[in-house]
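Number of protein chains: 2
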Amino acid sequence: MENKIIQPKPLSGYVEWLPEIRAVELAWLDTIRRVFESYGFANIETPSVEEIRVLAAKGEDADKEIYALRRLNAEEGADESRVALHFDLTVPLARYVAQHYNDLTFPFKRYQIQRVWRGERPQEGRFREFYQCDIDVIDNEKVSLSFDAELPLVMADVVSRLGMGRAVTRISNRKIMEGFYAGLGLGDIPAAIRVIDKLDKIGRDGVARTLSDALHLDGSTIDRILAFATIIAPDRAVLDQVRALGVTNDLMEQGLDELGFVMEGLSHLPPGEVVADLSIARGFDYYTGTVYEGKFLDYPNFPTIYAGGRYENLVGSYLRRALPGVGVSFGLTRIFSKLVKEGVITPGARSPSQILVAHPPEVSRAQVLETARILRERGLKVETYHEPKKLDNQIKYATRKGIRYLWFPPADPTAGHVVKDLNSGSQAAADPAGWLP
Amino acid sequence: MENKIIQPKPLSGYVEWLPEIRAVELAWLDTIRRVFESYGFANIETPSVEEIRVLAAKGEDADKEIYALRRLNAEEGADESRVALHFDLTVPLARYVAQHYNDLTFPFKRYQIQRVWRGERPQEGRFREFYQCDIDVIDNEKVSLSFDAELPLVMADVVSRLGMGRAVTRISNRKIMEGFYAGLGLGDIPAAIRVIDKLDKIGRDGVARTLSDALHLDGSTIDRILAFATIIAPDRAVLDQVRALGVTNDLMEQGLDELGFVMEGLSHLPPGEVVADLSIARGFDYYTGTVYEGKFLDYPNFPTIYAGGRYENLVGSYLRRALPGVGVSFGLTRIFSKLVKEGVITPGARSPSQILVAHPPEVSRAQVLETARILRERGLKVETYHEPKKLDNQIKYATRKGIRYLWFPPADPTAGHVVKDLNSGSQAAADPAGWLP
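For the protein sequence lines, the chains are C and S, in the order given.
According to our numbering, the first sequence is numbered sequentially starting from 3.
According to our numbering, the second sequence is numbered sequentially starting from 3.
One chain only, chain C, in its complex shape (with noise of 0.2 Å):
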């Protein structure tokens, strides 16, 4: 071993918490998890690398942001240039379902829950690596609307039962857009819904401007695309709404129907937590339907927290077969992270222990293990202080572990045990066979 100190550096774009707020992010994820698996979701997990060139047949520009991997000594043009990190899980989702097709029983409900990579220049609020928690439904030929319905309820659940208050889904069909746009007659209408898709961030005036300068629209036209993209509404009104904008197009007919079904399914949700905004489009050109985005209720100035769509070919570049879907999915990191920064989220226990059993110098180690083994038999989380030492160091460890109760055996293993509550100060006699917390 040299002695030369390598001093390392944080890297930009990657986060690492300390073992108390890791243990808040580790309650997140399972909590995630249970949501989702109460829901019928079942779990897969891929491996963190796919081919590049399943990961390339996914078209766009996804390419520039994909981590090949290389052998570090490799020789040049080894067989390890093939692959590369995933950037999502959908691209993954796909592959596996067509590489497992003949396996799986359909429809298909999976969740994943893994860290995907990305190559983008770091900012706040963008990683490197960072965690998606995704759910979707894939099914032969059609997939029934009713999973449409269904995805909304689970990320409202999962906030609810993350303690973040309440979700709000803004819902929209691309269908809906897509029939309004060509009843208008326009003719680019993929570069209009990705100038519609930015209203909230340039605006109105953006939008209009945008949409005459770069796509030649007339006053008019513009007028009725700002209407219909800033209609919003709680319920199938807004069927209404859009109908009364005098458009006529079957497509969008379509759109309408299913959007409608979609928003008498969550009709039960308390006001506000679902409503219909015809501004989402969602920049993906494989979304063909449905479309998603997710927020706080309660923090209303953070980014989306869920979002997703319907797609009628997800797996159409890897087998020769019609597998559409639906999914969401959740950006854990993203949204965490903002909320440790914020202060939102307060840090756990340095420990998971409930229980630190003391070794006072006038108690065996035997004595002081076996009481552990029966607390742990019952299962309690409890650590063993490592050695006969000061009853001060062995407090001061406890309490700046965060471990809440500390337990003494005695020396004479007939005589009873002692256990201290460092919370309140109250200590009592008890029985390691029977005691609660």
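Hints listed in this document are in silico derivations from the structure and should not be mistaken for laboratory results.
Watch out, some of these pointers could steer you wrong.
The list treats identical chains as interchangeable, and a pair is accepted whether it falls inside one copy or across any two copies.
[Stated by the list, open to error] Derived lysine-lysine pairs resembling DSSO-like cross-links, with alpha carbons at most 30 Å apart: (1) K383 <-> K297; (2) K144 <-> K398; (3) K340 <-> K297; (4) K11 <-> K144; (5) K144 <-> K391; (6) K6 <-> K144.
Remember, predicted model here, so these are calculated numbers, not experimental data.
Fit chain S to the supplied structure of chain C, relying on the hints for placement.
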């Protein structure tokens, strides 16, 4: 989207499970974590990557196996080439402790369950991406020996709670070996240890030949080395067996004291679960005291399931401070894959759901959803069938997904519910607000 089909191929060296096997792996991960926490180990998670200079500081030839990252479309020499995927969890722990030293409470007991990556040639039991489950205790200046005696208890507990029967931990101490060999007058002790470490693989004769050919040792020295390396004892008796070989050395005596303390601390374990075995050396250069290897007692032909030991200068490369530690790593993926392959692990259910709430054609969707909500509210895992279809289809779906109970909500909300146990075929009236599986 193109119409070209890209047929994905399984990547060699990477594992991926169907949902019914993943469910078992997830249960394993939960059990391992629960046991680690029950002994007071706190979780941390580090980024998947470290700076290459941090990984390389470990010395050795580890860099051959390192996967560096590069952005697929990055210019030559862009800064991403600074980082690489970690190949174990020990280097990240060392870096973490060095970096967060002032924010941690010592002794620092941490567990870490993450994937690691190695650019190895894939072969039976070797993976390029695999889970490691590590526990380590790090302290200032000196780590109490009581932790050396605790770690095998934790691992024995893990194995038994995984339902894999009993484990045997074979224990030795590097000081005994090094002292013994020094006392024998050997020149290149590390070389001799590396040869002895192959006893399992190349046998007594192979070791004797190598010691003679490569290290030019005489027959009587080789005899004493072999007598030493084949000492196996269930308890402190190991001390007398070593001393009987007639070598005197201070370091050896110190090692014997330590081994005696550890064996004493584990003396309450059932016979066979712990043995002192002086052939155990562990290849890594950084072990300096206790070393362990764990195997299944019931599957003796299985490879090592966990291994570890004590190191005196974990963070020495990153911090001017002596921070010794002791740790063990459980090789989850390797063991789990082999157990699946051998048919020891059998698939779980394809869905986490306990109940499928059926959607009979005469029942409203609202009634189906409300029934599921009540059941879910009580902590049950509940799927709803997604459309009003013939009950045959719904029963088939539940059976295929391994969902045990089929729940029938009534068409008339004031009428009673019925639940059918698909295992027994029996059926009974039930109240969603009170029913238990």
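#### Entry: Same-copy or cross-copy closeness of K6 to K144 [CA-CA at most 30 Å]
Intra 62 Å, inter 22 Å, cutoff 30 Å: inter-copy only.
### Task
At 30 Å max between alpha carbons, let me know whether K383 reaches K297 within a copy, between copies, both or neither.
between (36 Å within a copy, 26 Å between copies)
### Query
At most 30 Å between C-alpha atoms: does K11 with K144 qualify within a copy, between copies, both, or neither?
between (50 Å within a copy, 26 Å between copies)
### Task
Please work out whether the CA atoms of K144 and K398 approach to 30 Å or closer within one copy, between two copies, in both situations, or in neither?
So K144 and K398 pass the 30 Å test across copies only (19 Å; inside, 62 Å).
#### Entry: Homo-oligomer pair classification [K391, K144; C-alpha up to 30 Å]
between (68 Å within a copy, 15 Å between copies)
### Task
Check K340 against K297 for me: Cα-Cα at most 30 Å, and say if that holds within a copy, between copies, both or neither.
This pair counts as within: shortest intra-copy Cα distance 14 Å, inter-copy 44 Å.
Every hint from the earlier list agrees with this structure, and none is contradicted.
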